[in-house]
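Keeping their order, the protein sequence lines are chains A and B. Numbered per the UniProt record's numbering, the first sequence spans residues 1 to 195. Numbered per the UniProt record's numbering, the second sequence spans residues 1 to 297.
Simulated from the structure, these hints should not be mistaken for laboratory data. Backbone N, C-alpha and C define an ideal beta-carbon position, used for all residues, glycine too. Hints may contain errors.
Here's a subset of chain B near chain A, in silico, CB distances under 10 Å, partners left out [claimed, not checked]:
# : residue
1 : 1
2 : 4
3 : 27
4 : 37
5 : 73
6 : 94
7 : 97
8 : 102
Selected chain B positions facing chain A (in silico; Cβ < 10 Å) [to be verified]:
#  : residue
9  : 31
10 : 96
11 : 182
12 : 183
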Amino acid sequence: MRVNFTVNGRPREADDVWEGESLLYVLRERLGLPGSKNACEQGECGSCTVRLDGVPVCACLVAAGQAEGREVVTVEGLADYARQRAQGGCAAGACGTSLQDGRHRPAEGTGTGSQAGEGTELSPVQQAFIDAGAVQCGFCTPGLLVASDELLERNPNPTDADIREALSGNLCRCTGYEKIMDAVRLAAARQSEGV
Amino acid sequence: MDFLRPASWEEALAAKAEHPTAVPIAGGTDVMVEINFDHRRPEYLLDLNRIGDLSEWEVGADTVRLGASVPYTQIMENLRAELPGLALASHTVASPQIRNRGGVGGNLGTASPAGDAHPALLAAGAEVEVESAARGTRLIPIDAFYTGVKRNALQPDELIRAVHVRKADGPQQFSKVGTRNAMVIAVCAFGLALHPVTRTVRTGIGSAAPTPVRAEAAEEFLNAALEEGGFWDNGKIITPSVAKRFADLCSAACNPIDDVRGTASYRRHAVGVMARRTLTWTWESYRGTHRTTEGAA
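Can you make the complete structure from the sequences, with help from the hints?
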């Protein structure tokens, strides 16, 4: 079957999608967006976390057909998403449609271009992960970034308990949790200082 | 495999009537796991995401009509006052990502003995609203809904539309045993609701029998003991011997198995502990002390 939906602000079309296929498979294998990671395939690890109409979900548990007509943001689009939010393009949780204008994007191209997140500035939460050393092997990082970004959108000044709860569905096998906590605290602090 | 995308409830019922083997998918948090792991290859997937009213709820005089697809996150955030037990149970479901997608309809459809919503529904009292194109709507009492391990009272042409949960008329609690707070399939779980209006107590046990069950003998014992001692009126602390007997009867209501998550004897023991604790918490709350329904997950 064919699935049409919006990914990181751009309308995309996937063909020959098997009816039992997950959104994660479509993103990675059909649309060339391998940022969302494929690990447990059962919603346990959170490494495939994406925003579906603004809501953080495990892409491995969304049937591809359920994404029809909806808006998906992956880690590749996180920087643009965060920038547009900072510019007041949207209120918390309602970012969807404002992304469609795609001002920052080149015209529909052949390669992945900015769709793959290359050449764009990092989002504050991405920069904070780097600065805090919250990346070890990096496999869990995309999911944690999407989850952390959504937390800070919803709750700009989270307590440690809020952070732990928001990230409780994301596993880091390197056990880098303390640095990850540091990174989210750092991003929150920078956000509140307007840095 | 065919992917059916009804745009309305009527279309969904028609599709289910035409293809009784179709597997309904809403949040996908159970169904997609089975498909990803090749445990299931349904002929038809019936996507319910386009049917908006499944994600809505109505607070009535005596019950909350909770749409089958209302995500756990919404229950936690919006129905804590009306359905405190179910809100607590919802908070123990998996992780934020899963709670954003999964709902009570899926828990009921899967009918796993470990589903977190079941003990809360049993304790509160609920009816499941199911419908078929041929025979219309019927309400299945929650006590008659679970018929076996991962089996329920649904007919092949029926879909779950909503669950009608009694609004809390007293304190409710939910407790669950697992190795951590998040991402845990219950080793066992326990729900308890005080119903001061009818002067009764209802329970729900999860993951400790082939189906979710109530501890009916324990309820009868406690109802009689509370009545006899005038506890509902005098608000005294429940006698330790009464709490102990209640806990023992709750343990006795279990029919658990040994599996990777725990042994049968551990489950029996833990259900007794949770029964005593949730009784104490709710009773303290009923007595008007500072305890609330918060924070017992």
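Q: Check each numbered hint from earlier against the structure, then list the numbers of those it violates in ascending order.
A: none
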